[in-house]
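Chemist: Generate coordinates for the entire structure from the input sequences, incorporating the hints supplied.
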Amino acid sequence: MTNLKDAFLEGASKFEDKDELEINYKFGNPATKEDLEELEKALKVEIPEVLSKLWNEFNGIEVTQKYWSTGQLYLSTNFIINEIPKYFQESGNYVPPKEQLDSVIFFAQQNGLAALFALCVKPFDNFKTGEVLVLESDTGEFETEIGSLEEFIQSSVYCHLG
Numbered sequence: 000m001t002n003l004k005d006a007f008l009e010g011a012s013k014f015e016d017k018d019e020l021e022i023n024y025k026f027g028n029p030a031t032k033e034d035l036e037e038l039e040k041a042l043k044v045e046i047p048e049v050l051s052k053l054w055n056e057f058n059g060i061e062v063t064q065k066y067w068s069t070g071q072l073y074l075s076t077n078f079i080i081n082e083i084p085k086y087f088q089e090s091g092n093y094v095p096p097k098e099q100l101d102s103v104i105f106f107a108q109q110n111g112l113a114a115l116f117a118l119c120v121k122p123f124d125n126f127k128t129g130e131v132l133v134l135e136s137d138t139g140e141f142e143t144e145i146g147s148l149e150e151f152i153q154s155s156v157y158c159h160l161g
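Quick note: the sequence shown uses numbering that gives the first Met the number 0, first residue 0, plus one each step.
Quick caveat, the hints were computed from the structure, so don't treat them as lab data.
Check before you lean on any hint, since a few could be wrong.
Claimed, not checked - Straight-line distance between alpha carbons at most 27 angstroms, and here's what the computed BS3-like set of lysine-lysine pairs gives:
no. : residue 1 : residue 2
1   : K97       : K85
2   : K40       : K121
3   : K4        : K127
4   : K4        : K40
5   : K97       : K121
6   : K43       : K97
7   : K40       : K97
8   : K97       : K127
9   : K4        : K25
10  : K127      : K52
11  : K127      : K43
12  : K52       : K25
What the hints assert, rightly or not - Here are the computed distance ranges between Cβ atoms for each label pair:
no. : residue 1 : residue 2 : range
13  : V94       : N2        : 33 to 39 angstroms
14  : E39       : E150      : 23 to 29 angstroms
15  : D124      : Y66       : 32 to 38 angstroms
16  : P96       : S68       : 31 to 37 angstroms
17  : K40       : Y66       : 35 to 41 angstroms
18  : E45       : G146      : 20 to 26 angstroms
Just so it is clear, CB atoms sit at the ideal spot from N, CA and C, and this is done for glycine as well.
Modeler: In structure tokens:
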């Protein structure tokens, strides 16, 4: 896959409710080398090439939808560093063990962070490196969502906030 932005837009064009929801996308400017270094330092993990490529093309996607207002769909590096830890501390939702959180990098969300999508960067339990996992807020448990980040980006299922 050469251009992740184009792959995302192609998948989004297949979303059945796109016209009814009046969806608009605003792609963040590419992440800087410093942004990625800061993220690696905060997460204490090396960012896999596929996520680096994504953030080098666009650093988050903000979505405006008729019924959901505006929100981050794909998370910026700044959001991951500052807002995800705050969410875990303040939400009152179940939080997975630290060992599991240290094995993933969150990159997207739906439904007001109720579904947080993460790339598995270190295998744990039955999860493999490279799989996209979802953390459901009501259980605090990870589940396999889809086989790879490329599949996630190309899917019309993950192009809206709710």
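Chemist: Which hint numbers doesn't this structure obey?
Modeler: none
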